[in-house]
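Visitor: Sequence:
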Amino acid sequence: MAAAQGRLSDGAGGTDEGKGTGDDPGHGSTLPPPFRAAVEGLRNARLRPQIELDPTPAPKRLAPFAYALEAAVVDGEEDLADGRLVLLYDPAGHDAWQGSFRLVTLVRAELEPEMAADPLLPDVCWSWLTGALSARGLSYGEASGTVTRASSHYFGGLSERPSASQIEIRASWTPWEGRGGVPDTATHLVSWCDLLAQVAGLPPAASGDASVVTLPQRRGPQSH
Numbered sequence: 001m002a003a004a005q006g007r008l009s010d011g012a013g014g015t016d017e018g019k020g021t022g023d024d025p026g027h028g029s030t031l032p033p034p035f036r037a038a039v040e041g042l043r044n045a046r047l048r049p050q051i052e053l054d055p056t057p058a059p060k061r062l063a064p065f066a067y068a069l070e071a072a073v074v075d076g077e078e079d080l081a082d083g084r085l086v087l088l089y090d091p092a093g094h095d096a097w098q099g100s101f102r103l104v105t106l107v108r109a110e111l112e113p114e115m116a117a118d119p120l121l122p123d124v125c126w127s128w129l130t131g132a133l134s135a136r137g138l139s140y141g142e143a144s145g146t147v148t149r150a151s152s153h154y155f156g157g158l159s160e161r162p163s164a165s166q167i168e169i170r171a172s173w174t175p176w177e178g179r180g181g182v183p184d185t186a187t188h189l190v191s192w193c194d195l196l197a198q199v200a201g202l203p204p205a206a207s208g209d210a211s212v213v214t215l216p217q218r219r220g221p222q223s224h
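Heads up, the sequence shown is in the numbering used here, so the first residue is 1 and it goes up one at a time.
It is possible that some hints are incorrect.
[Stated by the list, open to error] Distance windows between CB atoms, simulated:
1) Thr146 with Asn44: 17 to 23 Å
2) Asn44 with Arg149: 34 to 40 Å
3) Gly76 with Thr148: 25 to 31 Å
Since the hints were derived computationally from the structure, they do not count as laboratory data.
Note that CB positions come from ideal geometry on N, CA and C, so glycine has one too.
Go ahead and model the full structure; you've got the sequences and the hints to work with.
Guide: This is how it looks when you write it as structure tokens:
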């Protein structure tokens, strides 16, 4: 099982380089305790073995404090899906978030053209996100986002390439805060990885999950 790692940003001071793994918060006492605890929750999450996590620079302008992870669903040397998850924190709170924390994500995967043409695809993909959160018993609010499908067709010197279709989910939500004003970030990360696995076409980690909605066969693995 993989343990989460990532990279911190305090908005004004830039990203924490440390050892390049996110193990050292880098800002010492400048990190507010709720944010530090939320980051530790992400770092301590235990994930299914097909999920690979890497540090990525956190955005500097979305919130005073941020922590970022990028992930891929990997089968051998093949990428099935990839994504990015960012934890934002504003100690003063944010009216649009209705809270002090916000999770922002991007998830992408290649699809079979027939699957991309399914008129139910956007609704089903959004249900994968909300279903992943609900299946883990998480409380959240102010969820919003987009589901985008795109197709590429090749001509001329590129005409031998097969047509390609991609699904992209961009979303954000406010995790409800628990004891000490800290949300259960570890479970939110696990739920996000459930979404990645669902988009990648993997079976659910727990068999018999009635909340899972499936679509027709997806495109095969993509090489690194």
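Visitor: For each hint, tell me whether it holds in the structure or not.
Guide: Outcome of the hint check:
Taken as a hint, the range 17 to 23 Å is violated for the pair Thr146 and Asn44, whose Cβ atoms sit roughly 31 Å apart. A C-beta distance of roughly 35 Å is found between Asn44 and Arg149, which places it inside the suggested range of 34 to 40 Å. The hinted range of 25 to 31 Å is satisfied by Gly76 and Thr148, whose Cβ atoms lie roughly 28 Å apart.
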